[in-house]
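Novice: Start from the sequences and build out the full structure, keeping to the hints where you can.
Quick mapping for you: the protein sequence lines, in order, are chains V and W. When the letters of the first sequence are read in order and numbered with this note's numbering, they come out as residues 1 to 669. When the letters of the second sequence are read in order and numbered with this note's numbering, they come out as residues 1 to 285.
Don't take each hint at face value.
As the list claims (entries may be wrong) - Covered stretches of chain W (chain V as the covering partner; in silico rule of three or more C-beta atoms under 8 angstroms from a C-beta of chain V):
id : segment
1  : 36 to 49
2  : 57 to 70
3  : 125 to 133
4  : 206 to 214
5  : 222 to 230
Think of the hints as simulated: they come from the structure by calculation, not from any bench. Glycine included, every Cβ here is placed at the ideal spot set by N, Cα and C.
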Amino acid sequence: MRLINIISRLFRIAGTSLPGSRVLPLALLALLAGAGCVFGAEPAAAPEYRTFFGLDPRTAVWIVAELHLLFGAFVLGVPMFAVIIEIVGVITKEERYDRLAKDFTRLLSASFATTAALGGLLTFMLFSLYPKLMGFLMGAFGKGFYIYALFFFAETFTLYFYYYSWERTKNKKGIHITAGVMLNVVGIIILLIANSWATYMMSPTGINPETMKFEGTTWEAIYNPLWNPVNLHRVLGNLVFGGLVAGTYAAIKFLVSDNDEDRAHYDWMGYVGNFIAMSSLILLPFAGYYLGREVYSYSPVMGNNMMGGAFSWTFIIQAIGIGGLLILGNFYLWLGMDRIPGAERYQTYIKFVLFILVISFMIWLTPHNLPLSSEEQVRMGGQYHPTLKYFGLMPAKNAVINFMILSTFFSFLLYRRANVADAVSVRAQGNMARGIVLVPTLMIGGFILYYGLWLLTVDPAVLDLDASKAGYFLLPGLALLGQVGFIALAVVLTFKEKGRLGQGLLFGYTAINTVFILGIYGFVVMAEASPLLRNLAVAQWISLLSCIIVNSAIDIVIFRGAKSLGKLKWGRMPAISQYVLILLSIWAVLTMGIMGFIRSGLRENWHIYGVLEDTSEWAFTPTNAYAAKVIGLCALIFFVLVFIAFWLAEMGEKKKPAKPAKPAASGGG
Amino acid sequence: MKGKFEINMFWKVVVFYLVFYYGGLEVLFPLISKWAVGSTDMLHMPAAALAMYRALIFTGLFIYISSSADRRKAFMEPLVRFFGDTENKTLATMRMGVLVALPLVVGAGYFSDGIPRLISPAGVRIQHPTMPGSYEGLLSPFRNVSEKQVQDFQSRKAEEGQPIAGPEDARKALVEKHTREGASLYAINCRPCHGMQANGEGPMARGFRLKPANFRDPGLLPTIVESYAFWRVSKGGPGLSSAATPWDSAMPIWELNLTEEERWKVLLGEYFISGVNPREPEKHE
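Specialist: This is the structure we're talking about:
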């Protein structure tokens, strides 16, 4: 009887959550698959686990969940920048932005159905293969599931409205953009709800410690300790991922297109995709740090498993993923400098930026515990290399990731100014220009000032530290005040028409401050006042952020309307650049896979950490090798599905009338 | 070529690689390490680290060369000249030499790498494997003393004729007393291996391949919470989970010889002697 109940419940949920009629057949198929297992394996008592056609249910759920997540990330990430690009189009009155935004959205409508179908399949599988777990989650989230379904409906309608009304609302952009914003609001709510389930399994709340039963409210379950950190991480991650997958689409279209006009458009589309991805990527490490810290706070054991224990090697693999994304993103940017007249002047800088990136990457990757042969162990007199071991610790990682982000930002500035002849007068631009510089500067500068003063005056007891540790707050506090000083200096210099000098000084101080002063001081803090380490990381991060914000603002002003050194030759990119774009998205999928494996695997033999144990035979933690195979397989399936979806989207497009062949763009001669 | 002497990029890249890899990583870094820790031998990088760094240098050089049309061309130029020139007889001979030598060198390298020989395998060790959940959240009863413990201590002191006025002073004095007791337990039980300075160099340390932990290392004790250390001391090497391979830790199982109270106390002593604090469990923001 209970089984029937579950199935009828399934129908109810699935029925409401499926968008559009076109997914129904697919969903039915999935339903049959799910129901097949349910009926096929029906024993007398309700079982706690079932297999998936005799296969390991955990791997089956893993694969479907990961594919669903990848599609979901794409579908939620793209609207965020599609709308922004559309708005830019309205403001600049440039038609090409509108075409680009629509191009991005077309990819969405094609992959949305797949996302939903995978979501349905995942639901069926979870309910049929893990009834015990799902029963528990139903208890905690009961009503939440239905609300989720409701929002899924809303998402479906807003998405299709946004896409199909594009031409019709050409002259009513207000309505259209509102729909786009609504789409994002709904999408983010869906993401937040789904995140609450995943994070609840890691950090459950509202549990009665005696009975191990859930006794809280649904809201308590949603607002569990890891919810917000994961929310932040996933929203940023979706932007990176959406940008990169869209970039891959552009890259492939670029490679196969047969005329210069298309090549120019898709080159530009790939560039925008990469730009979006990189701008969010440079914010991600901090979100990751925040998440990691909260994992530590929730459970020191879980935290230790993550970076020092069972998953420490997986974490190194993940570090390769992050570093690789940054380096490849820079690589693409540099390749693009060939299409900018005037960029020759900045080519010499590239080797220095690259050098910093590679050295930082080396340190970023060095594990605390290196694989050693016994001879090496004897030679070094221990388990750790006496100097290399420092590279394996958190302060070193924090220092170099900041350095890599700063270098990436530097690359962007080079790229930006590659095309312009000389800085323009700020004074001549009047108050508007001053405003562009002052408003963001005052905001971030004010915050740094506040945080610096807080560090200088706070009672160490706030961080559970002894009063004798107050001295350790001094240096980070002063370093932040120094940052404020250099920000002010940069702004004053800008108003005195020496903006570039100001930018340079701010860059220099930020590098010294975040990487060398606070970075190295981290080792001291870690040994003597470890709770302060997280404030140190915040101090490093806001200094870095202030450099990015202030220097961008200055850059905008000092090069506003500056004389161009020639038209950008969009479309004149070597093929290798497009392969880099494609590699970037493959790299991103693999990195997300490995990160997801860590996040989920941290629970070890618990469905719900510390509350509901996994008593099945698949409760063990898979090896890295096994995980790599599954993640690789997921990536492969994902790209095959994405290509099919994009291909289908293309079929619906009207073929443009063949253009007369034009001579190659003469810009480059 | 613009009239002035210019080294071709191909050779610049080759020289850079040689200087950076051999000079920097194989000589300079070991020298710096040697100087930094005051060791008598060169402290070479482990093979695993070198392999990783080499891969990254290659990636970096590849990106450098290929990220601009000019650099791609400049780099390829001598190669194109060398392999493309059909007129020059000496070049043809050299080319033949290179084409024969290259596969031989690569083959020899592959052969010498793959040939079976006696070496110990490189082991990957997980220093801090998972501890059982039941230890999580345990607090040291001798560091986090209760009001009652403090009051008892105060009245005992008063009886002994050394009254302590404030409760805060009494608490400090009590923890200090525990620490002293812990330190003597440490000297009796742990010193032979972990050393009186807690730097992992006790008189017996030389006998073990997997060295006793150096508690002064900022990367070790400060990264774990006290209950974790308590678990490690209680269960010792044999109590490590299989993930912490290799299973060659000489750390004894202390729960056989020390009571629970003594184990907490010895940790107090251990942290005191090594001058580090246990990692504080953090609060949520």
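Novice: Please go over all the hints and tell whether each is borne out by the structure.
Specialist: Status of the hints after comparison with the structure:
1. 36 to 49: holds (count 11)
2. 57 to 70: Contact hint for the segment 57 to 70 of chain W vs chain V: holds, 10 residues under 8 angstroms.
3. 125 to 133: Coverage by chain V holds for the segment 125 to 133 of chain W (8 residues, Cβ < 8 angstroms).
4. 206 to 214: Holds, because 4 residues of the segment 206 to 214 of chain W bring their Cβ atoms closer than 8 angstroms to Cβ atoms of chain V.
5. 222 to 230: holds (count 6)
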